[in-house]
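> Position 115, counted from 1, in the sequence shown is what the numbering used here calls 707; the numbers after and before it change by one each time, with no gaps.
Treat the hints as calculated values from the structure; they're not laboratory data. None of these values were measured; they are calculated from a predicted model. In this text, a Cβ means the ideal position worked out from N, Cα and C, and glycines have one as well. Watch out, some of these pointers could steer you wrong.
To be verified - FRET-style restraints, in silico, Cβ to Cβ:
#: 1; residue 1: L860; residue 2: R709; range: 26 to 32 Å
#: 2; residue 1: Q730; residue 2: R624; range: 17 to 23 Å
#: 3; residue 1: R774; residue 2: G652; range: 41 to 47 Å
#: 4; residue 1: R912; residue 2: S853; range: 38 to 44 Å
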Amino acid sequence: MGPTVCEYPHSQREFAVSNGRLSDPAATSLPRLKVGLALSAGAARGLAHIGVIQVFEENGIRIDAVAGCSMGAYIGALWCAGCDGAELERLAREIEGRWGFLKLINLSCPPRRAFLRNQTIRERLMQSIGTATFESLQKPLCVVATDLDQLSAAYFDRGEVACAVQASCAIPGILEPVQIGRSTYTDGGITDPLPARVLRRMGCQIVIAVDVIPPSLFQTCVCEHEREQADIKKPNRAISWLNQYLNPFGRGNLFDTLYRSLTAAQMLLAEHAGSEADFVIRPISCDASWHEFHLPAKYISLGRRVAGENLGQIRSLLARKEVRHETHMVGVA
Numbered sequence: 593m594g595p596t597v598c599e600y601p602h603s604q605r606e607f608a609v610s611n612g613r614l615s616d617p618a619a620t621s622l623p624r625l626k627v628g629l630a631l632s633a634g635a636a637r638g639l640a641h642i643g644v645i646q647v648f649e650e651n652g653i654r655i656d657a658v659a660g661c662s663m664g665a666y667i668g669a670l671w672c673a674g675c676d677g678a679e680l681e682r683l684a685r686e687i688e689g690r691w692g693f694l695k696l697i698n699l700s701c702p703p704r705r706a707f708l709r710n711q712t713i714r715e716r717l718m719q720s721i722g723t724a725t726f727e728s729l730q731k732p733l734c735v736v737a738t739d740l741d742q743l744s745a746a747y748f749d750r751g752e753v754a755c756a757v758q759a760s761c762a763i764p765g766i767l768e769p770v771q772i773g774r775s776t777y778t779d780g781g782i783t784d785p786l787p788a789r790v791l792r793r794m795g796c797q798i799v800i801a802v803d804v805i806p807p808s809l810f811q812t813c814v815c816e817h818e819r820e821q822a823d824i825k826k827p828n829r830a831i832s833w834l835n836q837y838l839n840p841f842g843r844g845n846l847f848d849t850l851y852r853s854l855t856a857a858q859m860l861l862a863e864h865a866g867s868e869a870d871f872v873i874r875p876i877s878c879d880a881s882w883h884e885f886h887l888p889a890k891y892i893s894l895g896r897r898v899a900g901e902n903l904g905q906i907r908s909l910l911a912r913k914e915v916r917h918e919t920h921m922v923g924v925a
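Whole structure, please, built from the sequences with the hints as guidance.
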């Protein structure tokens with residue numbers, strides 16, 4: 593059974609997640625406020641989500657529902673299915689090492705719809721969660737993709753999880769779009785790279801967001817850092833030639849240009865979406881690259897550090913007994 597798209601109403605009072613675990617917050621008396629966690633898109637940078645989750649688990653930060661996009665959807669699905677922070681790190685480290693990224697590469701021949709097949713993502717996820725459905729997860733999960741027919745965001749919270757996550761991760765031009773029912777879906781980062789608002793509609797009174805997409809102002813720092821590193825390092829001529837002419841992931845080449853173009857659109861969307869959250873954690877750094885899946889420890893450590901630095905503010909937020917919507921933009925160098 594494939595996943596089902598939900599048409600989320602504009603009124604929070606009208607909405608209830610189909611599995612019945614979340615309901616209209618105004619209709620019940622809750623002993624504590626429900627907490628939602630939004631996990632952004634970001635490809636390899638999204639591995640920082642694992643570090644944040646580990647810190648939350650170690651410090652008793654309870655999350656009631658998760659909404660994820662692209663890499664955030666993948667990690668969110670594993671976590672909601674019962675994988676703890678340690679297991680998430682173990683899975684991430686399966687492709688650690690210089691050539692680990694090749695385990696994710698599956699060329700599409702001919703490259704009619706994209707350059708890489710998308711089936712690998714679904715297959716790897718199913719190795720951990722099988723044919724799990726949203727209804728069977730330990731925590732309510734919402735996955736966002738983009739409907740190429742309607743040209744709008746599509747939110748999944750019913751049916752098979754792996755298929756919805758596969759669609760959410762389908763980077764345009766790089767990974768093939770996914771057919772679900774009569775519609776075709778691609779990367780959720782195009783329309784909602786940081787799905788914080790949907791958590792409000794799922795009944796969460798407090799929303800914490802983890803955004804690994806660099807904000808527009810931070811991107812200037814990234815460019816300066818790259819120029820400085822280029823001046824300091826003396827690259828091997830042979831390696832430089834290979835990157836320039838044969839490596840599609842090389843700076844300025846096909847995949848890099850496609851993903852950077854997508855990131856340019858995501859930055860403003862993510863910044864706007866952050867205003868829907870009560871607290872935004874930004875585990876970002878100047879030397880982050882979207883395709884560094886072979887360096888999971890780098891990003892997991894970054895996520896742990898940023899989450900740890902802001903535990904006090906998060907605890908204060910969760911200690912509230914009343915709803916008071918504020919936004920805190922937290923970033924690192």
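> Against this structure, judge whether each hint is valid.
Tested hints:
no. : hint                      : result
1   : L860 <-> R709: 26 to 32 Å : 31 Å, holds
2   : Q730 <-> R624: 17 to 23 Å : 18 Å, holds
3   : R774 <-> G652: 41 to 47 Å : 45 Å, holds
4   : R912 <-> S853: 38 to 44 Å : 40 Å, holds
In this structure, every one of the numbered hints holds.
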